[in-house]
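Following the hints, complete the assembly by docking chain B onto the known chain A.
One letter stands for each residue in the lines below.
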Amino acid sequence: MIEVKHVKKVFGKLEVLKDVSVEVKDGEVVVILGPSGSGKTTLLRCINFLENADSGELTVGDIQVDFKKASKKEILAIRRKTSFVFQNYNLFANKTAIENVMEGLVTARRIPKEIAQKRAKEALNWVGLSDKYDYYPSQLSGGQQQRVGIARAFVLDPEVILFDEPTSALDPELVGETLEIIKKVAEKGITMIVVTHEMSFAQEVADKVIFMDGGVVVEEGPPEEIFTNPKEERTKQFLSRIISLEPTYSI
Amino acid sequence: MDWKKTGNLLKPLVPWLIPALIIILWYLTTLPGMNNTLMPSPDKVLIRTVDMIGNGQLLEYITVSAGRAGKGLLLGGLIGLLLAFMTGLNRGLDLTLNTTIQMLRTIPVLAAISLMIIWFGIGERVKVYMVAFGVFFPIYINTYHGIKTIDKGLMEMGRVYGLSKVKILTEIILPGALPSILVGFKLSLGTMWLLLIASEQIATDAGIGYMAMSARELMQMDKILLSIILYAILGKLSDAAAGFLDRKLIRWREV
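These protein sequence lines are chains A and B, in that order. First residue of the first sequence: 1, per my numbering; consecutive thereafter. First residue of the second sequence: 1001, per my numbering; consecutive thereafter.
According to the in silico footprint, chain B covers these stretches of chain A (three or more CB under 8 angstroms from chain B): (1) 73 to 80; (2) 83 to 89; (3) 94 to 108.
In silico BS3-like cross-links for lysine-lysine, where the CA-CA straight-line distance does not exceed 27 angstroms: (4) B/1186 with B/1248; (5) A/72 with B/1165; (6) B/1165 with A/113; (7) A/72 with B/1148; (8) B/1152 with A/95.
Because the hints were derived from the structure by calculation, they are not lab data. Even for Gly, the Cβ is constructed at its ideal location relative to N, Cα and C.
Next comes chain A alone, as it looks inside the complex (with noise of 0.2 angstroms):
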């Protein structure tokens, strides 16, 4: 389970994160959305210390901290129970695809090379990349990168995938294949928070729905309550914005 608490966080004189509480339970994926500034991937990079909050109580299964006080133990203890997949996916250029999926293993989890290439190249195949190990990233595209990027943080089985806008840096053609991906990752059950603008996706996979604006949380709830019934008058306005200008995918 991940749990924030009262979480806030000031740049400079903007308050980007103004009290904000989420719950995720386990196995469960939650979709953020809102638009841009409303604190959302702040609150993504908060969970995985990118970012230091100012405030507030950080719970990630049985390790719970305080965000201002966590040691340097604690915070690589919660890195380890999760998993970053980054928008500009952040490949070693110097790495072949399975180099990339290894490195977490053998630097931060030291398990053996010869075990840690076999799960490498289980998770590669499972993300449909079987016949590209030793491709360098210039060799891919954004989403064949994306993908290898899903399969390095799948391959440390962590307890929680945490999305920041996986598809944003996509051509438009490619952003079906790799939210299928994030759709079978989430099928497999494995907890995960999404910050991204798909609303077909978010409708689609979300057990539940989070809508952020101006740093805090608005509305939330299951998808077919926030998307055909929305309470609040800010998301009905976000969300039909959204909807008129929003391409579709099959996925």
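Just chain B now, with coordinates in the frame of chain A:
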């Protein structure tokens, strides 16, 4: 006859057409009857070359010059690399040192030659130090730039996946800065030969520069020309070596 095939075979020769033409023109303008005191004929240069290979002078001069260049490059390059890693990775050192180094960079290196002679005399040392001083800047600046422009996303990824500081250095910073370091290396090769030529003309008793200087005093045009050709060949060779390193070290960049 298969013209396409012949064309493909001749293709590698095309870049050499103009040099060949120049040599032919050179030969024609220095034929007997023409005034050739200021420009020796190619065959004279060739004879001089064979001559100097024969008595071992040529090899000796090349070894001496290449040795100076290599020592200077090693010295200046290592200091440049080391300092760039210090200022690139440590904010305090960056703040205290970088401005000074960037300021020194604007001095034309050749302007320092008088100072260097007084400090280090006219022996071997001054030549190595001049080269070192010159190659330091391109290597320092490009390495520093390479480290400073490393993808922040990759650094974050390293932190998220729990890589240690050493691993982040060897797996992210070093490969990330390598293309830029190699650019600095290539630029420094050009500076290296330039400074070597300048400093070898100060006062020497060996090296290609000495060969050119002594030939000037005796009006041996063929020898002067030979020394220029030698510098050109050495320059081209070092360029090729840098290109080879480039392809070997960062093969993942291509495609």
